[in-house]
Amino acid sequence: MNKLLLYCYIVILLLTTAFVVNGQTETVVPTATSSVTLPVAEQKDIKILKEKVANKVSELRKENNKAISGRIFETETGFFKIKTQKQEEYLVKLDDALTKYYRISGNQAKEVKKEDINKNDYIIINGVVHDKTVDANSIFIDEEYLVNSGKISQVNKDSYSLKVTTSSKEEFNLDIETSTKQMILNIKTLEIETTGFSKFKEGDTVHFVVKKTGETNKDNHYSVIKILIIPQEYFIK
Amino acid sequence: MKKETIVAIIMGLLLGGVVAFFLVTKTSEKELENSKAIAPTTTLNQEKAAVVTGYQTLEMSQPHDEEIVDKESISIAGKAEKDSLIVIQSPIKEVILNISNNSFQTDFPLALGENTIKIVAYPHNQLLRSQEKELRVYYLKNEL
Chain A
1199 MNKLLLYCYI VILLLTTAFV VNGQTETVVP TATSSVTLPV AEQKDIKILK EKVANKVSEL
1259 RKENNKAISG RIFETETGFF KIKTQKQEEY LVKLDDALTK YYRISGNQAK EVKKEDINKN
1319 DYIIINGVVH DKTVDANSIF IDEEYLVNSG KISQVNKDSY SLKVTTSSKE EFNLDIETST
1379 KQMILNIKTL EIETTGFSKF KEGDTVHFVV KKTGETNKDN HYSVIKILII PQEYFIK
Chain B
33 MKKETIVAII MGLLLGGVVA FFLVTKTSEK ELENSKAIAP TTTLNQEKAA VVTGYQTLEM
93 SQPHDEEIVD KESISIAGKA EKDSLIVIQS PIKEVILNIS NNSFQTDFPL ALGENTIKIV
153 AYPHNQLLRS QEKELRVYYL KNEL
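Chains as they are written, first to last, in my numbering: chain A, 1199 to 1435; chain B, 33 to 176.
Because the hints were derived from the structure by calculation, they are not lab data.
Virtual Cβ for every residue (Gly too), placed ideally from N, Cα, C.
Treat the hints with caution; some may be incorrect.
[To be verified] The calculated DSSO-like cross-link candidates involving lysine-lysine, where the alpha carbons are at most 30 Å apart (straight line), are:
hint: 1; chain 1: A; residue 1: Lys1284; chain 2: A; residue 2: Lys1416
hint: 2; chain 1: A; residue 1: Lys1367; chain 2: B; residue 2: Lys165
hint: 3; chain 1: A; residue 1: Lys1311; chain 2: B; residue 2: Lys103
hint: 4; chain 1: A; residue 1: Lys1312; chain 2: A; residue 2: Lys1264
hint: 5; chain 1: B; residue 1: Lys173; chain 2: A; residue 2: Lys1308
hint: 6; chain 1: B; residue 1: Lys111; chain 2: A; residue 2: Lys1349
hint: 7; chain 1: A; residue 1: Lys1367; chain 2: A; residue 2: Lys1397
hint: 8; chain 1: A; residue 1: Lys1298; chain 2: A; residue 2: Lys1308
hint: 9; chain 1: B; residue 1: Lys150; chain 2: A; residue 2: Lys1386
hint: 10; chain 1: A; residue 1: Lys1308; chain 2: B; residue 2: Lys150
hint: 11; chain 1: B; residue 1: Lys150; chain 2: A; residue 2: Lys1410
hint: 12; chain 1: B; residue 1: Lys150; chain 2: A; residue 2: Lys1281
hint: 13; chain 1: A; residue 1: Lys1349; chain 2: A; residue 2: Lys1311
hint: 14; chain 1: A; residue 1: Lys1284; chain 2: A; residue 2: Lys1367
hint: 15; chain 1: B; residue 1: Lys150; chain 2: A; residue 2: Lys1355
hint: 16; chain 1: A; residue 1: Lys1410; chain 2: B; residue 2: Lys125
hint: 17; chain 1: A; residue 1: Lys1284; chain 2: B; residue 2: Lys103
hint: 18; chain 1: B; residue 1: Lys150; chain 2: A; residue 2: Lys1416
hint: 19; chain 1: A; residue 1: Lys1281; chain 2: B; residue 2: Lys173
hint: 20; chain 1: A; residue 1: Lys1284; chain 2: B; residue 2: Lys173
hint: 21; chain 1: A; residue 1: Lys1386; chain 2: B; residue 2: Lys125
hint: 22; chain 1: A; residue 1: Lys1409; chain 2: A; residue 2: Lys1298
hint: 23; chain 1: B; residue 1: Lys125; chain 2: A; residue 2: Lys1379
hint: 24; chain 1: A; residue 1: Lys1248; chain 2: B; residue 2: Lys173
hint: 25; chain 1: A; residue 1: Lys1397; chain 2: A; residue 2: Lys1281
hint: 26; chain 1: B; residue 1: Lys58; chain 2: A; residue 2: Lys1284
hint: 27; chain 1: A; residue 1: Lys1264; chain 2: A; residue 2: Lys1308
hint: 28; chain 1: B; residue 1: Lys173; chain 2: A; residue 2: Lys1312
hint: 29; chain 1: B; residue 1: Lys165; chain 2: A; residue 2: Lys1416
hint: 30; chain 1: B; residue 1: Lys125; chain 2: A; residue 2: Lys1355
hint: 31; chain 1: A; residue 1: Lys1279; chain 2: B; residue 2: Lys173
hint: 32; chain 1: A; residue 1: Lys1254; chain 2: A; residue 2: Lys1284
hint: 33; chain 1: A; residue 1: Lys1349; chain 2: A; residue 2: Lys1284
hint: 34; chain 1: B; residue 1: Lys150; chain 2: B; residue 2: Lys173
[Said to hold, decoys possible] Just a sample of chain B residues kept apart from chain A, beta carbon distances all over 12 Å, derived:
hint: 35; residue: Lys35
hint: 36; residue: Gly49
hint: 37; residue: Thr57
hint: 38; residue: Glu63
hint: 39; residue: Ser93
hint: 40; residue: Ile120
Could you build all of it, start to finish, from the sequences and the hints given here?
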């Protein structure tokens, strides 16, 4: 709140300074013919002051800037509504002049148009957050990943799938694909090594990464991107 | 019916009501006392407390959740129980640390955009449960 007041104060100060400067140029000039310029020293002071105010404003804006991510469930002219992974809803206000839009692909962010953003897209909003509203400065379309861990309760060797129960008793049905990066902890060296499906055992702990889409997934059924096995023998030794 | 009879009936009903209320209250009090006796003994609770005290819970000192950074890697640091196995995983990297004291620190790469980082501490002591934290770190270039 104090920062907001300070921000307002600086903006008012900047505006009044501009008016005062304008006023001075009009009243100080006694002759009708020439356009009067301020003394060099004063001009320098004003320039420095303006720079300081601009820096302070940018600094405050940066401090108030936060990032929120979530999936769009409503799109309207001028705003989006998103739901975060914690199931919190935010209203994302868009500004035609200010808000910029990007799509993240690998390690590149390519600028896109507002029309390229659709319902169900997962977005990161960089902007000023107050309560459940975000004034968006920039919006990034990104992928949503779920990183979790749990114990294997069932290994299905026919379908190459696992049933995993997390510490919060949530159950996941994980498909191990040929593209899945499978790793195991070497309990002697504590190094991570690549492995195959035969190494998965009931009772082992696994750390996995899956990609989430906007579609409903009732039984937590996912294709695994990468999975790391912590063999139960590690905990017994 | 005579007036006296009606008065007698009403008085009888009132008295019956008072007696019934008294009996119900007393019975529920007795039931409550009985259920109290079933609760775990104080010694058991003390033993549990002894296990919990002195245990270093997983604490993260950096990065902060929902932090925005402008660089490709960050330092992950925190505290956990001595001799724990720390597993740090994100969609692009996994790091395993076996800590000999109760603190840890490691450099960790970031992908552009959102980085969901899960940190799990498995204590060496089998009586202690594993603990986990999830952090969201945003790597957003300053010029964007």
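Here is how each hint holds up against the structure:
For a cut-off of 30 Å, the pair hint linking Lys1284 (chain A) to Lys1416 (chain A) stands: about 17 Å separates their Cα positions. For the hint pairing Lys1367 (chain A) with Lys165 (chain B), the CA-to-CA distance comes to about 16 Å; that is within 30 Å, so the pair holds. A threshold of 30 Å between alpha carbons decides the hint, and for Lys1311 (chain A) with Lys103 (chain B) the separation of about 26 Å falls inside it, so the pair holds. Restraint check for Lys1312 (chain A) and Lys1264 (chain A): the C-alpha separation of about 20 Å stays at or below 30 Å, so the hint holds.
For the proposed pair Lys173 (chain B) and Lys1308 (chain A), the alpha carbon gap of about 12 Å is at most 30 Å, so the pair holds. In summary, the hint linking Lys111 (chain B) to Lys1349 (chain A) is supported, as the alpha carbons are separated by about 24 Å, within the 30 Å threshold. The suggested pairing of Lys1367 (chain A) with Lys1397 (chain A) holds, with an alpha-carbon distance near 23 Å, which does not exceed 30 Å. A distance of roughly 11 Å separates the Cα atoms of Lys1298 (chain A) and Lys1308 (chain A); the hinted pair therefore holds under the 30 Å criterion.
Under the criterion of a C-alpha separation no larger than 30 Å, the hint pairing Lys150 (chain B) with Lys1386 (chain A) is consistent with the structure, at around 24 Å. Of the pairs offered as hints, the one joining Lys1308 (chain A) and Lys150 (chain B) holds, with about 28 Å between alpha carbons and a cut-off of 30 Å not exceeded. In summary, the hint linking Lys150 (chain B) to Lys1410 (chain A) is supported, as the alpha carbons are separated by about 16 Å, within the 30 Å threshold. Among the hinted pairs, Lys150 (chain B) with Lys1281 (chain A) is consistent with the structure: their alpha-carbon atoms are about 21 Å apart, no more than 30 Å.
For the hint pairing Lys1349 (chain A) with Lys1311 (chain A), the CA-to-CA distance comes to about 44 Å; that exceeds 30 Å, so the pair is violated. Using a Cα cut-off of 30 Å, the hinted pair Lys1284 (chain A) and Lys1367 (chain A) holds, with the two alpha carbons roughly 17 Å apart. Proposed proximity of Lys150 (chain B) and Lys1355 (chain A) is supported: the alpha carbons are some 28 Å apart, at most 30 Å. Taking the CA atoms of Lys1410 (chain A) and Lys125 (chain B), the gap is about 18 Å. The hint holds against a cut of 30 Å.
The hinted pair formed by Lys1284 (chain A) and Lys103 (chain B) meets the criterion: a straight-line CA distance of about 26 Å does not exceed 30 Å. Our distance criterion of 30 Å between C-alpha atoms is met by Lys150 (chain B) and Lys1416 (chain A), whose separation comes to about 23 Å. A hinted pair counts as satisfied when its Cα atoms are at most 30 Å apart, and Lys1281 (chain A) with Lys173 (chain B) qualifies at roughly 24 Å. At most 30 Å may separate the alpha-carbon atoms for a hinted pair to count; Lys1284 (chain A) and Lys173 (chain B) meet this at roughly 25 Å.
The straight-line distance between the Cα atoms of Lys1386 (chain A) and Lys125 (chain B) is roughly 21 Å, inside the 30 Å bound, and the hint therefore holds. Between Lys1409 (chain A) and Lys1298 (chain A) the CA atoms are separated by roughly 26 Å; this keeps the pair inside 30 Å, and the hint holds. Between Lys125 (chain B) and Lys1379 (chain A) the alpha-carbon distance is near 11 Å, which keeps this suggested pair within the 30 Å criterion. The hinted pair formed by Lys1248 (chain A) and Lys173 (chain B) meets the criterion: a straight-line CA distance of about 26 Å does not exceed 30 Å.
Proximity of Lys1397 (chain A) to Lys1281 (chain A) is assessed by CA-CA distance (about 38 Å); at most 30 Å being required, the pair is judged violated. The straight-line distance between the Cα atoms of Lys58 (chain B) and Lys1284 (chain A) is roughly 48 Å, outside the 30 Å bound, and the hint therefore fails. For the hint linking Lys1264 (chain A) to Lys1308 (chain A), the alpha-carbon distance of about 21 Å falls within 30 Å, and the restraint holds. For the proposed pair Lys173 (chain B) and Lys1312 (chain A), the alpha carbon gap of about 20 Å is at most 30 Å, so the pair holds.
Annotation: proposed proximity of Lys165 (chain B) to Lys1416 (chain A) holds, straight-line Cα distance about 25 Å (limit 30 Å). Between Lys125 (chain B) and Lys1355 (chain A) the CA atoms are separated by roughly 27 Å; this keeps the pair inside 30 Å, and the hint holds. Distance restraint check for Lys1279 (chain A) and Lys173 (chain B): the Cα-Cα separation of roughly 25 Å lies within the 30 Å cut-off, and the hinted pair is therefore satisfied. At roughly 34 Å between alpha-carbon atoms, Lys1254 (chain A) and Lys1284 (chain A) are farther apart than 30 Å, so this suggested pair is violated.
Using a Cα cut-off of 30 Å, the hinted pair Lys1349 (chain A) and Lys1284 (chain A) holds, with the two alpha carbons roughly 23 Å apart. In summary, the hint linking Lys150 (chain B) to Lys173 (chain B) is supported, as the alpha carbons are separated by about 23 Å, within the 30 Å threshold. Residue placement check: Lys35 (chain B) keeps its beta carbon more than 12 Å from all beta carbons of chain A (closest about 69 Å). Every beta carbon of chain A lies more than 12 Å from that of Gly49 (chain B), the smallest distance being close to 49 Å; the non-interface claim holds.
Even its closest Cβ contact with chain A, about 40 Å, leaves Thr57 (chain B) beyond 12 Å, as expected for a residue assigned away from the interface. Non-interface call for Glu63 (chain B) relative to chain A: holds, since the shortest CB-CB distance, roughly 32 Å, exceeds 12 Å. The claim that Ser93 (chain B) is not at the interface with chain A holds, since no C-beta of that chain comes within 12 Å of its own (minimum 20 Å). Some Cβ of chain A comes within 12 Å of the Cβ of Ile120 (chain B); the nearest lies about 9 Å off, and the non-interface call is violated.
Violation of the numbered hints given earlier is confined to hints 13, 25, 26, 32 and 40; the remaining hints are satisfied by the structure.
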